[in-house]
Amino acid sequence: MSKFEFPPSIRSRPVYGTLEARPGKTHLMIADAEGAEAILAVATPDLMAATHIIYIPKGTDYADKLRALKPAQFYEGPTYAASVTRIQRVLQDAQMGLQVYLAGTEGLMGQAQNEAMKAGIPHTAIQTEHRGSIARRMQCVHCKGITEDVETDPFVCSHCGLNLFVRDHYSRRLAAYQGVCIDAEDPGNVPPQKGIYE
Amino acid sequence: MTIQFNDETFRDDYSFRNSERAIKRFPFPFDKDSYMYAVNMEQHRGGPSDSIYEKRFDVDEHYVSEMRDRAMVLADDPLRCQSLPHMTLAGWDLLELIMVSKSEDYPDLFQLHRDGDQWHWINKPLGIDDKFTFMDETTLPYGPMEYITRQTQGDFCVLDQRDDNLWMDAGMITTQADWSLDFDIGMNFFEWHAPVPLAHEKGIFVRALKFLLNIQQGAPARRLNWTMTVNPLLDTSPENYHKWGIQKTELTPENIGSKQHLRVELQTFFRLPRSNGLVFPIRCYLCSFQDLMTSPKWGRRLHRVIRDLPEELATYKGFIDNRPMMLDYLSKFDDGLPTSNGIWPEFDTEPPLQK
Amino acid sequence: MSGAEKIAVRVTEVSPLNELVTRFKFEPVAGGLLPTFSGGAHTVVEMRDGDITRMNPYSLMSDPFDQTAYTISVRRDDEGRGGSLFMHKNISVGDEITISNPVNLFSLDLRAKKHLMIAGGIGITPFLAQIKQLDRAHGNWELHYSCRSEALGSYVDYLTNTHPNDVEVYYDDQKQAIDLENLLDGQPLGTHIYVCGPKGMIDWVRGKATELGWPREAIHYEEFLAPQPGKPFEVKLAVSNKVIQVGERESLLEAIERAGVDAPYLCRGGACGMCETSVIDYSGNFIHRDHWLEEDEHASGKKIMPCVSRFEGKTLVLDR
Numbered sequence: 001m002s003k004f005e006f007p008p009s010i011r012s013r014p015v016y017g018t019l020e021a022r023p024g025k026t027h028l029m030i031a032d033a034e035g036a037e038a039i040l041a042v043a044t045p046d047l048m049a050a051t052h053i054i055y056i057p058k059g060t061d062y063a064d065k066l067r068a069l070k071p072a073q074f075y076e077g078p079t080y081a082a083s084v085t086r087i088q089r090v091l092q093d094a095q096m097g098l099q100v101y102l103a104g105t106e107g108l109m110g111q112a113q114n115e116a117m118k119a120g121i122p123h124t125a126i127q128t129e130h131r132g133s134i135a136r137r138m139q140c141v142h143c144k145g146i147t148e149d150v151e152t153d154p155f156v157c158s159h160c161g162l163n164l165f166v167r168d169h170y171s172r173r174l175a176a177y178q179g180v181c182i183d184a185e186d187p188g189n190v191p192p193q194k195g196i197y198e
Numbered sequence: 001m002t003i004q005f006n007d008e009t010f011r012d013d014y015s016f017r018n019s020e021r022a023i024k025r026f027p028f029p030f031d032k033d034s035y036m037y038a039v040n041m042e043q044h045r046g047g048p049s050d051s052i053y054e055k056r057f058d059v060d061e062h063y064v065s066e067m068r069d070r071a072m073v074l075a076d077d078p079l080r081c082q083s084l085p086h087m088t089l090a091g092w093d094l095l096e097l098i099m100v101s102k103s104e105d106y107p108d109l110f111q112l113h114r115d116g117d118q119w120h121w122i123n124k125p126l127g128i129d130d131k132f133t134f135m136d137e138t139t140l141p142y143g144p145m146e147y148i149t150r151q152t153q154g155d156f157c158v159l160d161q162r163d164d165n166l167w168m169d170a171g172m173i174t175t176q177a178d179w180s181l182d183f184d185i186g187m188n189f190f191e192w193h194a195p196v197p198l199a200h201e202k203g204i205f206v207r208a209l210k211f212l213l214n215i216q217q218g219a220p221a222r223r224l225n226w227t228m229t230v231n232p233l234l235d236t237s238p239e240n241y242h243k244w245g246i247q248k249t250e251l252t253p254e255n256i257g258s259k260q261h262l263r264v265e266l267q268t269f270f271r272l273p274r275s276n277g278l279v280f281p282i283r284c285y286l287c288s289f290q291d292l293m294t295s296p297k298w299g300r301r302l303h304r305v306i307r308d309l310p311e312e313l314a315t316y317k318g319f320i321d322n323r324p325m326m327l328d329y330l331s332k333f334d335d336g337l338p339t340s341n342g343i344w345p346e347f348d349t350e351p352p353l354q355k
Numbered sequence: 001m002s003g004a005e006k007i008a009v010r011v012t013e014v015s016p017l018n019e020l021v022t023r024f025k026f027e028p029v030a031g032g033l034l035p036t037f038s039g040g041a042h043t044v045v046e047m048r049d050g051d052i053t054r055m056n057p058y059s060l061m062s063d064p065f066d067q068t069a070y071t072i073s074v075r076r077d078d079e080g081r082g083g084s085l086f087m088h089k090n091i092s093v094g095d096e097i098t099i100s101n102p103v104n105l106f107s108l109d110l111r112a113k114k115h116l117m118i119a120g121g122i123g124i125t126p127f128l129a130q131i132k133q134l135d136r137a138h139g140n141w142e143l144h145y146s147c148r149s150e151a152l153g154s155y156v157d158y159l160t161n162t163h164p165n166d167v168e169v170y171y172d173d174q175k176q177a178i179d180l181e182n183l184l185d186g187q188p189l190g191t192h193i194y195v196c197g198p199k200g201m202i203d204w205v206r207g208k209a210t211e212l213g214w215p216r217e218a219i220h221y222e223e224f225l226a227p228q229p230g231k232p233f234e235v236k237l238a239v240s241n242k243v244i245q246v247g248e249r250e251s252l253l254e255a256i257e258r259a260g261v262d263a264p265y266l267c268r269g270g271a272c273g274m275c276e277t278s279v280i281d282y283s284g285n286f287i288h289r290d291h292w293l294e295e296d297e298h299a300s301g302k303k304i305m306p307c308v309s310r311f312e313g314k315t316l317v318l319d320r
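Protein chains in written order, with our numbering: chain U, 1 to 198; chain X, 1 to 355; chain R, 1 to 320.
Read the hints as simulated data drawn from the structure, not as lab findings.
Every residue, glycine too, gets a C-beta built ideally from N, C-alpha and C.
Do not take every clue at face value.
Which residues of chain R face chain X? A partial, calculated answer using Cβ under 10 Å [unchecked claim]:
hint	residue
1	Ile-7
2	Ala-8
3	Thr-36
4	Arg-136
Let the sequences and hints guide you as you build the complete structure.
Shown next as structure tokens:
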């Protein structure tokens, strides 16, 4: 089961939808891990004939299924960091009418959305569908360091070591949620960790 | 009226003080004995003589020291001042607005001489005398927004207007009430206000945005907002919260009168003509509880407002833990007598404390 | 206080460009400088026509950085209610008139990597100011301008002389038309479209761009609706407790103002939303003509934009 129902939250928290084929001359689909399922669900031969898929398996075995869709271009990247220059290159040459589809973890979608926005696509025109891990990409508001794949609240900043609580306040530009020191007013009094949605 | 600039600090030994004149002109934010969010906007076109409303950009006795504090914050963390690339024109708009306003409103302190795009700016209190070419960034030591806001009290949000929304795309934020420009830059009006409780449900932000989108050239607006700060600390940023948060626990019944400050923001809104952006200056005024209690009206009213404030708001404003101690202190200044409407202290007509 | 801040100006130039369009130049009566503005802004010109005060919005076409004078161009509309006719017939050099501070509802998106401008007829005017603004900032732009004929092509010579590589002109009477599909195909990511012209042209560009997958936020348009004449009707203003008659050739907003009731407004062209008014009771049909309200709001019978919309029927009670 790769679908998760996020609880309702504040206005800055992203809301994800379900991918749908939209009119456009070319299509760029970027996904990680179980995000492949969202691409498999929306794919049609016509759509795939004009689609470039960039996929990061993260240890899953969907890559062959995606390849079998016969997209116009297919790239399998080992990590997002390894794929990002390719994403930037594709966007640099792209033209108006390009449709962008993102699927998978929040961290992947947020970072790829940021690249597409920098290239000139408004965020509201970029489709997203969450699949797989519900871990968050967190920015420490104090040291500015990003901690990937945070599953618990509170958590320890992987850069400065402060105990941070997980906010729902989200920055598209940083592709991260905000982490704030939990024991500033009572140093050392850190509540036990629990899952973010528990 | 000549301003004597204080030599004071907003950190470490906290030597910040309000003179009697500064207390009298303090923008007490409550016009009645209770508080709830409202779109409490009014035109920003002057006000009573020597009030903080009188000039477009109020300059007071804290000016020089506040600018020194801002320079220290920026030296520690340059990310407090950021401008996305498309906001440079709005930065020039802001520089022009402030230079023209200050030189007209305070000719003894600031002078602006313009010959086409060759501008000469003199800021006497800060000892600045610069000649530069308007609209040429290379002729200033900083970008236009940073240059002028290093010389102007208050935080500055410079907003882009597009798609029927306002976007926080540039700012100088060093005296903020616990929000991060580095995090919020690029957000729209609803997103950067997302963490505020209750107001979304009341439709406050929808109405406020509609008002702000229609602010026109030559017709600025203003409102007051408030929170609480322990010690006269300007830089209550989330960035440094792990350093200053502990100060909230240092209040005692003995020191609360001098340590606890009401923090009031005079928020103004000006249309920026060349960019069609909007600037949203947030000017912070601090006043200790004991200084506020010199006004019998403010004493009565502050007790009632803090006592009856909804729990969500006391939590959001960060003083829920200290509220009982505040009420113990404030109740001594509330004798139950009625108060007159409006924010002004009415020293001449309000009866003295009856206990 | 309604509308934007006002400025007293003197008409210092009236230049007929062709049989339909005349250019007017305004300088401040008090001397000094006019406010700067941003490309795409308009001003609302007040015209005292007998006992009626008409206020029509016109795009500012002069250089936004030139604070000595504003210029506008007015196309004569023989079918309309008389605002443009009044400008053509009654305004001459030396007259003092009142205009509003500039208001911009058709602003450039300064993040755009390229600005693609599409103009029809008198819709060229806001682009003249935007081009000056973009040239100063070394912006990347391109203009496609469609006119009825060479004789009616206002500012064609000026544009093609100063920007021969960036301006393409199309004449209807020579069967020339913008090849929109080809024009939109191949534009770099980050291009924004701006269209100003007749309603048909705006709908055509918006429709085609949407069909080709352009995001809504990248499509900007401005169409000033001149209020259209219509059958007279009666309105009750509940707050001020007045019953007023809206004449054939005046707008509902003008009739409200004539009755001495201060109603908010800004663009007077159905675009800005400022004059939105709640309907308390009605029996009849609304003739909604604005761009502001959503379709379901039009259908609800609860809101009206009195600057351009009208009513036919027995009773209309407004919250004014």
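Compare the structure with the hints numbered earlier in the document and write down the numbers of the violated ones, lowest to highest. Per hint list: single violation, 2.
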